[in-house]
Structures are given as structure tokens and as C-alpha cells.
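A.B. asks: Chain by chain, the residues:
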Amino acid sequence: MDHECARLLPAVCAVLADPGQPVADDTCLEKLLDWFKTVTEAESSLLLLQENPCLVELLSHVPKLQDVSARVLSFSLRLAGIFAAQEDCFQYLQQAELLPGLFGAAGPLGRAVWAVPTVRSGWIQGLRSLAQHPSALRFLADHGAVDTVFSLQGDASLFVASAAGQLLVHILALSMGGRAEGHTCPRDDDWPMCAQKIVGHIEESLCSTDTPRVTQALNALTTTFGRCQSPWTEVLWEQLSPLVARLLERDPVPAPHPLVDLLLCVARSPVLGSSDRGPWETAAQALSRLAPPQAGPLALGVLKLQLCPQALRTQAFGVLLQPLACVLKATSQGSGLPGLLDGTSEDSVVLDALLSSKSSCAGLLCRTLAHLEELQPLPQHPSPWPQAPLLRAVVTILRLCDGSAAPASSVGGRLCGTLVGCVRVQRAALDFLGTLSQGMGPQEQVTQVFAVLLECLERPDSSPTVLKKAFQATLRWLLSSARTPGCSGLGPHTALFLPELFPVLQKRLCSPCWEVRDSALEFLTHLSRHWGGQADFRHMLLESEVPELTRQLLQDPESYVRASAVTAMGELSSRGLHAAPTSPEHPEAQQSLLPEFLHILSADSEGFPRRAVMQVFTEWLRGGHADVARDTERFVATVLQVVSRDLDWEVRAQGLELALVFLGQTLGQPGPHCPYTVSLPKAAPPSPLAEALGALCRVRLFEFAFRALFDCDRPVAQKSCDLLLFLRDKTATYSSLWEAGGSPDSASVEAALQRWQAGEQDQLLGDLEPEAMLAALRSVDLEGLRGTLAQGSDHVEKSPQSLLQDMLATVGILQENQADCY
Amino acid sequence: MKIKKILSLSYCLSGHPTLPCNVLKFKSTTIMLDCGLDMTSTLNFLPLPLVQSPRLSSLPGWSLKDGNAFLDKTELIDLSTVDVILISNYHCMMALPYITEHTGFTGTVYATEPTVQIGRLLMEELVNFIERVPKAQSASLWKNKDVQRLLPSPLKDAVEVSTWRRCYTMQEVNSALSKIQLVGYSQKIELFGAVQVTPLSSGYALGSSNWIIQSHYEKVSYVSGSSLLTTHPQPMDQASLKNSDVLVLTGLTQIPTANPDGMVGEFCSNLALTVRNGGNVLVPCYPSGVIYDLLECLYQYIDSAGLSSVPLYFISPVANSSLEFSQIFAEWLCHNKQSKVYLPEPPFPHAELIQTNKLKHYPSIHGDFSNDFRQPCVVFTGHPSLRFGDVVHFMELWGKSSLNTVIFTEPDFSYLEALAPYQPLAMKCIYCPIDTRLNFIQVSKLLKEVQPLHVVCPEQYTQPPPAQPHRTDLAIDCQPPATSYRRAEVLTLPFKRRYEKIEIMPELADSLVPMEIKPGISLATVSAVLHTKDNKHVLQPPPRPAQPTSGKKRKRVSDDIPDCKVLKPLLSGSIPVEQFVQTLEKHGFSDIKVEDTAKGHIVLLQEAETLIQIEEDSTHIICDNDEMLRVRLRDLVLKFLQKF
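Heads up: the sequence lines are chains A and B, in that order. First residue of the first sequence: 1, per the UniProt record's numbering; consecutive thereafter. First residue of the second sequence: 1, per the UniProt record's numbering; consecutive thereafter.
There's no promise every hint is true.
Unchecked claim - Pairs of lysine-lysine residues, derived as DSBU-like cross-links and limited to a Cα-Cα distance of at most 30 Å, are as follows:
#1 B:LYS518 with B:LYS533
#2 B:LYS400 with B:LYS448
#3 A:LYS358 with B:LYS242
#4 B:LYS428 with B:LYS188
#5 B:LYS445 with A:LYS358
#6 A:LYS468 with B:LYS428
#7 B:LYS179 with B:LYS586
#8 A:LYS358 with B:LYS533
#9 B:LYS599 with B:LYS568
#10 B:LYS568 with B:LYS188
#11 B:LYS639 with B:LYS586
#12 B:LYS593 with B:LYS533
What the hints assert, rightly or not - From the structure, some residues in chain B lie toward chain A, with a derived Cβ separation under 8 Å:
#13 GLY262
#14 GLY265
#15 CYS268
#16 ASP293
#17 TYR299
#18 SER304
#19 GLY306
#20 SER308
#21 SER309
#22 CYS334
#23 HIS335
#24 HIS470
#25 ARG471
#26 ASP473
Just so you know, these hints were derived from the structure itself, not from any lab. Glycine residues also receive a C-beta, built at the ideal position from the N, C-alpha and C atoms.
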């Protein structure tokens, strides 16, 4: 603790100990605790208390106060806990007989203030910090704290109850901690008393008919197995698993969610999950006993395990697939469902869940689809993966949702009535369909997938969110169908699908709903990014009106759409797709987009389109776009000039990114330490340094970067600092040549920099020689600046002195205000 | 007071659920609910071109027919007996001249002002379309069944062609409209003292209404063409429909699978796509209704889509009146539009479109229109059947180019049938039917909210559409199941309560002395004369007891009044057997036995050889000729009962 803090501390303690003094707020006390925690981590708590007797005074004084504020009492409990975590300090506090007054029966336990949740929470957290050593265990036993913790598990405040559960597990782990590793004790008879007591309590709770008590016990066990990986946990599980299994025999199964959590936690535990004493039997029982909404997460968890008996995996996968199998069975003519759960037995429960209500049906299907989607990309996903039946199920669900399915059975009819127009299920199904694109499938099924996607995109009443998902799924299928082995070009499906897709895309680009226009543009961007080079695709795109419509959307009233249109046009233009090469009807179509984009950059009132323009420009510069390459210097100069006046810091930051790319192209790439790796066109070799610096001066890059260095937005300043550091390193050799000469201009540059730093941004630099700029560059303490910028803007306010001062000042101000009243 | 059984019958005269025509016989009144005109039969005819079309007239085997209309069955009921006609919206009054003219109809028609004004416009347009292309000859002999049989399909398959009529004239329209009495929402109209009818806002169109037909104890709600969507009309009044005994539900959306929002989006996208490509857009439509919403959407959309320079043309004989009428019915508009009037601003943005010359309207393609006509453009014109009106001209003009698009927004006609005579057609066809009327999800929400005891609806609504039998969601789902009716069916409405309200004259009421027989229930006997006139029932004091007259005197009219001799008091209460036995013992009866029977008890006085049967609603004293004993016993029984 530094001197200044030590000086302020007594006053703060006095304020805290005085019930007449209002404490500013909770956050102050929290910050104070955080600070003490860091202090005690670095130095001895004992020393701290001895050097600052005011702290001991505070701890002894507060619990005795009659009208103490709950916040201060809670704070004192937690503070005492932090100090007592070190055994010598614990002894010191014991000698002073402070701890019983805080945590024992003489403490707040029996007083009215105990009714305040903050106090109970402080008591638990204090004990949680304190319980770090065997002496603490004895203290807990002497004062019957464990019994209090038992009762707090059912506390009305969720925070208190949860903390009590955590504390219980912590005490259990601490009392078992003394056991030697590897020493397995077959029975718990020789376990410490405290541990036996806790385990006994958990056993009792597991047998209780009161569901909240069962939940508490299950949660405590979950925490235990999640946190402790010692051999004794194996014994514990062996002892308790019959009780857990008995829970599954009750009807209904109590606390199903905590139960699933526990089983998965045990299964994941390295001690138990790998042994044959693992929870496999119980998990299998749970899979068959739990209702579909709870069995699903368990099944997913089981399938995600690295090590797990194959039979259980098969069962779990069956549970996951069940709802889809039911859907297929209800809608298909034949009874056999090859590949997806042949001869299912217990589908009546699932069917009931599907048919009972719209919300339960949608919920179950959405969860199932999401689980399967999560499972599919994992390396341990079930193999063989039933790709074809799953595709059929998803396509069927999508058809049920849009009302185009014609189910044969009455169950199918009811499903259709329930699911029709259900946007939630549609979205989940489209997401999963997209995931399934990784596996492709039989030809005719892929055709079906494309057909259902096209329908979805075409339907006038598809909601914008469904359309977005449909576009995403379509993109994934298009890309993966083009990747089919032995397929050159677009692939047979795509070649058939694209001619139908473009009219839909055109229509969607004209949609009155901006979200739809936006997702259509995003889709187009991705499509051209991947296929811009494909002759067939280019041909079809240029034949359509899509490029022209996209260009018109640059004037869209919605800024998000304008931004997406900019990105799409930028992408199209990079690939020469922004307009038909020779179309006599639109002579202007051939025109470059550059002026249009520059206009958006300088005139658009919203930030998004301007940011998009900057991203496109950066990409163009990187990729050597024809419009840019024609006169790169002029391009960069113009852009930097416009950007430097922009009000949006992200645009300015993107301007620096563009400057960095330009710098890389003129001076050579930034070193490997720099994350901005640039793919330079191979044709442009770095020009000699003098010439390069001339170019940088001509585009006014120095001026732009120096201005940005003093930007009021920290990210911009940081980026500029990095850029200038890179520039300085690159020009180190060059500068040394000029060192001797000096430059008359550098003084004026430095003067300008000072004025900028002072906030006078309208000052211009004028045309200056590279030497002056380099001199200025060297004169700025960039490293120092970088250090300052790296600190948060609140680093001054965060210091402990400031905190203590604030607390005192608040009291002072409050007192002044009181005085004002008279 | 239950005095008679009321026969409530509903006659269905129309098979078209969205163009209903039902007759309700309710409490001695005959009420016709709507008189929609099903014009789908016009699709059997060739279009009436404005200019002689060599193509159309050269089609083999087809003959041009003039005005035609399909009138629904009227043999079921004599139209002259109809007391009133209630109109729910302007689409449902198109058959009015056929009902009110030349049928002996002498009743009154009730409708709101916008309904009448816009209905007049629709009729005027229809008459104008038909009359401006007069036919040299008209034929009706083909309607003979033997001749019809020989005609080409589909004409030979058309049913009941004999009921097809010529289009009415403007004179008939005016005469029919003169029988209409204007009403406002929530206005209560007494019909012959028996029934009260009230129009309620239905949210579907300007001035569109649902009707409540109620007596003192029965309430029938007639829901026709309603909408819960936020469009231009005043929102639907649902609360007033609560507590209905019967809710007649007609006029649901014709396209339950098409969501109007999606369709409007589709409309805008396709319009923009066509116009940007240099093509023209043709929108066959009615001169009022959805067109206001479409113009409002376009008002917002065309600027954002960069189409401000594309002219919108609205061509109809009543275009000007329709656009102007819509602006003056402020009180019938949704709240948003109403509040604009106070700014003051025109409630519909089409005023601004007209002001800025983006929207132009013309009575027909002749005259000014040909001077201003500029392509590419968007044309709104009638008739949606594509059989008459200026739309015929545009179909001929633009049909050959694939750049142009016809967008169908009115759901009344099958667009494929409408297009049939124009085939082969190069022009693109887009079908985005916009029907803002209730869909089945909204209906089930409405029924849950309103909770009528019974729902009566056309049979089409009780089962999924024939083309989609698995769509069980496309049918009315309510408890108890809806009673369905079909065309020409007579339905007895299921009423539970059958009471009438009767007034008691003050002097009679004064004479009543109610007696409390149970806490909260008091009774009094009334002797009075029931006087019924104009369906109002009044209890009057009985005339003074007539002077005793000799039997020889001739019976007078007043003798029909029931005798007003002093009545025996009425008894109420029950006899507690145990106490009764104790009383009997107190009065000296001994040897009493009590037997329990299914209905009550039998008290046996063995000594007196007497039997007292006590049942729930009767007590019998059976003794052998001992009148003294009987009277004694009777008095004992009476002690336990209340008299009044």
C-alpha cells in the first residue's frame, strides 16, 4: 500500500464506522474490496493490519454498532474474510476475538439486520474468502456455520441461495483437500466430520419430496464435480448415484434441468467420465425417462463427449432424431423410414409434445434442429451421419411451414395446421439446412433442397428474417454444390438454379422492406465474391438487371441498404461486373463508380455508407482496382482529404487503414509484427525511398496521420500512432542522411502539431518537404504517446487514491449540503 | 317473462360467401342482410372493347353479349315481404337495383353515407362501362336449356343462366339508392318496436359496417367484410359484438393464404422491376378501396425506389369523385388520418401525388388522357374482370410486349380465367391479391374475444379449401362448432332465451306488494290485462270487476277479459316432515308412521285411516269422507307454507 493511501485510510475507516455518515454508494465499497484483494495478494495481510490499526478498529467496531447500515456491515464481513484468508492473519484476528463477532452467533446472525439479503450475502462471501486453511475449518465447526449455510441454501434471495451452495461445495472440497492424492478411500466413514455432515445433508435432500431441496442438492453436486477432480469425487459419486437414479423413477421426475446438468457434469469430469463407474447407466435411464424438451439437451451433451459408451451415444442420437422421425412418419406415405430410426418405439411421448400446442411443437422442433446443427460440424458427431433422412425431414418441415406439404395422415394434417406460417421453426430449419450443405446428399434431394429454397425466396409472405436465413442457406448450398468433386465450374445444380435465382433476386432488390433489400445485397456480395471469376456466373449476372438495380440502391433512403449497396457495387466493380460491358441503352453504365462513391463519402449523412465506401476503397487499393491504379496518388489524396473531416471515428480509422495500405505499397510491406498483412500486386516494386516520401507528402499522408494522432477518439489516435511508428522505422536510414542539415520547415510543423494537440484543428500545414515531415516525426514522442493511449481513459480515476479521495469528498459534499439546509 | 316461441329463420340467397345475401326473419321482421352481386359469370363473355377489335370479333364461335349479371336466387322468398335491407359495405350492395326495383319491395335500406356514395360510384362505373359500348342486338334465346346444351364449353356448363340479367340502368340505380336511409356508427334504429339494429365499424372499407340486430333478450350479430388490419378505415368495433346469441359470419378473406403485407410488397417490387426496365404496369381494379392503400404505399415507395418520374394514371368514369370523396369522409377514417384533418391536411397522401402531378386521373382513355399519356407508366383502371372498361384497351395495347406487366390485386376474379380471351399474351402477369378481410387466425381470435353462443357461417368456412384438404387451419375452429349454411338453405337459428320484455303500468305496479320468500327473492301475484301493440307489451290494471249480471244478458266484448274474481292465495315453501309429525302429535294424532318414497314422504295416520302424501310440488290428504278431519289436516299443512 502506498503512502498516500495509508494516509487517507484512517479517515475513510472513520467514515465507514460512523453510522451518521452516509456512504456514497455500493460501487465505492466494491472497488474498495477489489483494491484490498489486490493489496493482500501482493503483501501480507497481517502486516497490513498491523500497519493500519484503523482496519482492525473498523472490523471490531462495525458489528457492535446498533444502527449500522447493511452495506457497511456486509462490506466488513467480506473485508474480514479477505484478511482471514491468510492463516497468520486469521490467527491474529482470532486473538483479537474479532471473527466470532462477525461470523459467529454473536454477529449479525441473530440481529434484525440479518433480514437484509446484502448482509447474508456478505456473511457467505466473507466465509468463502476465509475458508482457505484447516484453522478455518475448525472455526466453521466451532461456530456451527455449516448448519447456517444449509438453511441459506433455500434463501429467498437467489443470489444468497446460490452463494450458499457454492460455499458448501467449497467447504466440502477444503475438508477433503487434506486427503492425499491417489489415496482412495472406499467408504466415507473415515472422511472428516465436516465432509460427512455435508454429504449427509446432500443425501437427505436427494431423498426429499420437496423439489427445491432436490434442486439444491443437484446443483451442489454439479458444482462439486465440476470443480473438484480429486479421486474422492469418484467415491462420492458411487455413493450418491443410486439416489440420483432413484429420482428418475419418480413421476414426474423432479428438477429435470439440474439433473441433466449434473449428469453431463459428471460425464465430463476427467475422474469419472473416463471410468466405467461413470454415469452411463443413469444417463441412459434419464434419456428414456425425461420428457423430450429435457432429454434433448442431455442427448446433445452426451454426443459431445469425447469418451462415452457407444450404446449410450446411439440412444442419445435416437432421442435427438425422434421429433424429426415423427414428422417424417406423419407426413410420408410409407411407414418405413430408412436411415432415421427404423421401428421407433416410444414416439408417442414425442408426438404428444409435437401436437399438444403450437408453442410446444415449435419449441421442440427448434431445439432439436439447433442441437443437430450444433452437433453436425463436431469431429465426434455420430457416424454414419443420416444425411439423406435429415435433409428429407428439414425439407418436409419447411414445406409444412409454408403450407405446401400435403401430408397423407391426419397427424400430418394436424402438424401442418400447427406449423403453417411458423417463422421460428422456419428460421431454425433454414439454419440447419445451411449446415447440412456440408454433407450434400443424393442428387434428387439436392434438387429438392434448391426447390424449397427457391420457393422460400419467392414467397411474397416470407418474413424478412426468414428471407435472410433463406439467402444464407442458399449461399451455403450453392458454394458447397460447386465444390462437389469432379465438378468444374458451377456444378449441374447451380447451373440450373441460377437462372431461376436471378429474377427472385431482382424482385427482392426492389422490395419495399429495407431488411429484404439489405439481405439480398449481402447475398449478392457473397455470391460475386466467390464466383466473380466464373464465366457462366458472369454471363448470367450481366444478362440480368441485378447490377443496374444494385447501383440504383446506392440512393436508397435507408442507410443500411446504401451501405450494403456500396459493398456490393464495390465487389461487383472489382470483378468488372458492375455493368454490362456494352449496353447501348445505358451509356452511363460504363462510367466509373469512383465519383459516385466519393460523393457518398463526402455527402452521405449517415455513417454506415461512408464506412462501407472506405472499406471498398481500401479493398480497391489493395487489389489494384483499375479506377484506383489509373492515378493512385490522386485517389489517396482525395480520399484522405475527405476522410480527415469526417465526424465518424470509424471512417477516420478506416482512412488510416487505407493510408497504411498505401504506405505498404510505397515503402514495402509492414513487418510481420504488424497484423495488417497486405497482399500487394506483385507488379509494384517499392520505389526508392526519396521518391516514396515525395509521394507520401503529395497525398498529404503525414498531415492526415499527424492530425489523427491527436484525434479525440482513442482508437483513431492509437492507429495513427502505430502507422507513424511504422513510418519512422521505415525511414530511419533515410532520416539519418538528413540529420545534419536540419530543416527550417520542421519548426513550423512542430508548431502546427502543438496547436493540433491543443485542439486547434483548423490549422493547415501547407506544402512541405519530406525532410520537414521526417523531422517532425522524430520530434514527437510516439512511444510515450502509445503508452498513454494504451491506458484506459479512466486510468487516473481508477487509482486507489482517487477512490479514497472520492469517498471522503462525497462525505464532505454531503455535509456541506446538510449545512446549506440550515 | 316467457310468452312465446320466436321463430328466427335465416334464408341464404347467395352461394358466394364474400358477396352474401341472407334474409333473417327475426321477431316478426324480415331483414335482408346485404345484397352482393356475383359477377363471375361475366367471365363467360368476351371483353367489350372500346375500339372495335378485329381480333376479338374474329374469334370463332363466340358471340358478344351485352350487359350481364348474375342475380342470386330469389324464388326462395318474396322480395316484397322484405322489411329492411342492411348493407355492410359498398361491394355488398351492387345487386340493390335488382332487389328494390320491379319486385314490389317497399321497405327501407339502411347504409352509412360512405357506403352509399362509393356504392353509387361503383354502380355508376359499371353502368357507364356497359352502356358506352351499346350492342346492336341482344340475345337471350340461348338461355333456353336446349340451346345452351349446344353451346361450347364453358358456357354450356354454366348453371342457372336463366337468372343472368342485363345490367341495370342509371335510372334504376338512382331509384334504388333513393330508398336508402343513411345511418351512422352506433346509431340505434328501431324496427317496428320489435327489433333494434345498429351498425358498427367493421374496419374493412370506408363506412363498412357490421350490424347488431337485437331485441330485449336476443342479440344477433352480423359480421360481414371486417378487417383487423390497420388500413385507412376506422378500426373494427369488436367490443359491441360481445354477448351475442348468434353471430353470423360472412365475408372473410378470399385468399386466406396470402398475407396482405406480403402482397403489397410483391406489388411494389414487381411494379418497380417492370418500370425500371422500361415497361408499363397495368393494375385492373375497382375505383375505390384497396386502390387508396396502394396509392399510399406507392407514395412512400416510388421516391425511395427512384421512380418519382414515372406517371401514375387512374382511369375511371368516377376516378375524380372517388379520389375526392375519400378525402371528405374524415369521421369514417382511422385515427391517424382523422387527426390529419385538423392540421389541416388531406387525410390521404394521394392528394399530394395529384398536386405534384405524379398521379393523374381521367374519366376515360378518350380526351385529355391521350395528350398526356407518357410511357413507361402505371395505370389503375377497371374492370377487374377484364371484360369491360378501359382495362380492355390496355390489355390489347400492352399485351404483346414482355416488358409490360399486369398486376392483379382484386381477389374477386380468377386471374387465369380473366386473361383467357387475351391469350396468347406476352405481357408478364403477376397475381398478388390483396384482401384485407379477416383470415382464419384473426377469426379465431375474434371469436375468443367476442364469445358468441353460436356461430353461423357459410359452409365454405367450416372445412379446408377443396384444393388444400390438409390445411385444417383454413377453417373456422370454434366451440360449439359453427352451424353452416349453403345457398338456398333455410336455417333455424339456435336461440336459447325466449323471453319478451313487458312493461307494467305505474298504477298497476303501485298495487303490487312483493313478499320475500327467500333472501333476495320477492314475489307478488299480478292480475292484469296484457296489451300488445307494435310489438310492445304492456300490463294494464284489470278493469273494475263487472257488475254481476244475469246470465241471460248477451255477452259483451268486455266479457272476454278474464274473470277477475279474488284468487286463492298461492302457496310456497316445503314441509319439514319431522316438525309436521310433532305438530300432528301435539294436535292429538297418535300412531303416526312415516314412510319415505321416491318423491317424498307418506305420513300414515293409522288410527284415522288417513294418508298424507307429501311430495316436492304437491300434498295430498286422502281420507274417507271425513271433511272435518281433512280441513283440520289441511290447516295444519298450511301452517308450514307461506301464502301470498
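A.B. asks: Now, for every hint given, state plainly whether the structure supports it.
C.D. replies: Status of each hint after checking the structure:
1. For the given pair, B:LYS518 sits about 35 Å from B:LYS533 by alpha-carbon distance, which is inconsistent with the 30 Å threshold.
2. Our distance criterion of 30 Å between C-alpha atoms is broken by B:LYS400 and B:LYS448, whose separation comes to about 51 Å.
3. For a cut-off of 30 Å, the pair hint linking A:LYS358 to B:LYS242 stands: about 27 Å separates their Cα positions.
4. Proposed proximity of B:LYS428 and B:LYS188 is contradicted: the alpha carbons are some 50 Å apart, above 30 Å.
5. Note on B:LYS445 and A:LYS358: the hinted pairing holds, with a Cα-Cα distance of about 15 Å set against a maximum of 30 Å.
6. Taking the CA atoms of A:LYS468 and B:LYS428, the gap is near 27 Å; set against the 30 Å cutoff, the hint holds.
7. Between the alpha carbons of B:LYS179 and B:LYS586 the distance comes to roughly 80 Å, so the proposed pair goes past 30 Å and is violated.
8. Pair hint A:LYS358 plus B:LYS533 does not hold up; C-alpha atoms about 55 Å apart against a cutoff of 30 Å.
9. For the proposed pair B:LYS599 and B:LYS568, the alpha carbon gap of about 26 Å is at most 30 Å, so the pair holds.
10. Restraint check: the Cα-Cα separation between B:LYS568 and B:LYS188 comes to about 45 Å, which exceeds 30 Å; the hinted pair is violated.
11. Taking the CA atoms of B:LYS639 and B:LYS586, the gap is near 14 Å; set against the 30 Å cutoff, the hint holds.
12. In summary, the hint linking B:LYS593 to B:LYS533 is not supported, as the alpha carbons are separated by about 57 Å, beyond the 30 Å threshold.
13. Contact between B:GLY262 and chain A, as hinted, is supported at the beta carbon level, the nearest pair being about 3 Å apart and thus within 8 Å.
14. The restraint placing B:GLY265 at the interface with chain A holds, with a minimum CB-CB distance near 5 Å, inside the 8 Å limit.
15. For B:CYS268, the interface hint holds, since its Cβ comes within 8 Å of a Cβ in chain A; the closest pair sits about 4 Å apart.
16. Of the supplied interface hints, the one on B:ASP293 is violated, with its beta-carbon coming no nearer than about 13 Å to a beta-carbon of chain A, more than 8 Å.
17. Checking B:TYR299 against chain A: minimum C-beta separation of about 12 Å lies over 8 Å; hint violated.
18. A distance limit of 8 Å between C-beta atoms decides the matter here; for B:SER304 the minimum to chain A is near 4 Å, and the interface restraint holds.
19. About 5 Å separates the beta-carbon of B:GLY306 from the nearest beta-carbon of chain A, less than 8 Å, and the hint is met.
20. At about 11 Å, the closest approach between the beta carbon of B:SER308 and any beta carbon in chain A exceeds 8 Å, and the interface hint on this residue is violated.
21. Annotation: B:SER309 was flagged as interfacial toward chain A, and the flag is violated, the nearest CB pair being 13 Å apart, outside 8 Å.
22. Given the 8 Å rule on beta carbons, the hint for B:CYS334 is violated: about 20 Å separates it from the nearest Cβ of chain A.
23. At a threshold of 8 Å, the smallest CB-CB gap from B:HIS335 to chain A is about 23 Å, leaving the interface hint violated.
24. Interface hint status for B:HIS470: upheld, as the beta-carbon distance to the closest one in chain A is roughly 5 Å, under 8 Å.
25. Because the smallest distance between the Cβ of B:ARG471 and any Cβ of chain A comes to about 6 Å, under 8 Å, the interface hint for this residue holds.
26. Against a cut-off of 8 Å between C-beta atoms, the interface hint on B:ASP473 holds, since the closest Cβ of chain A lies about 4 Å away.
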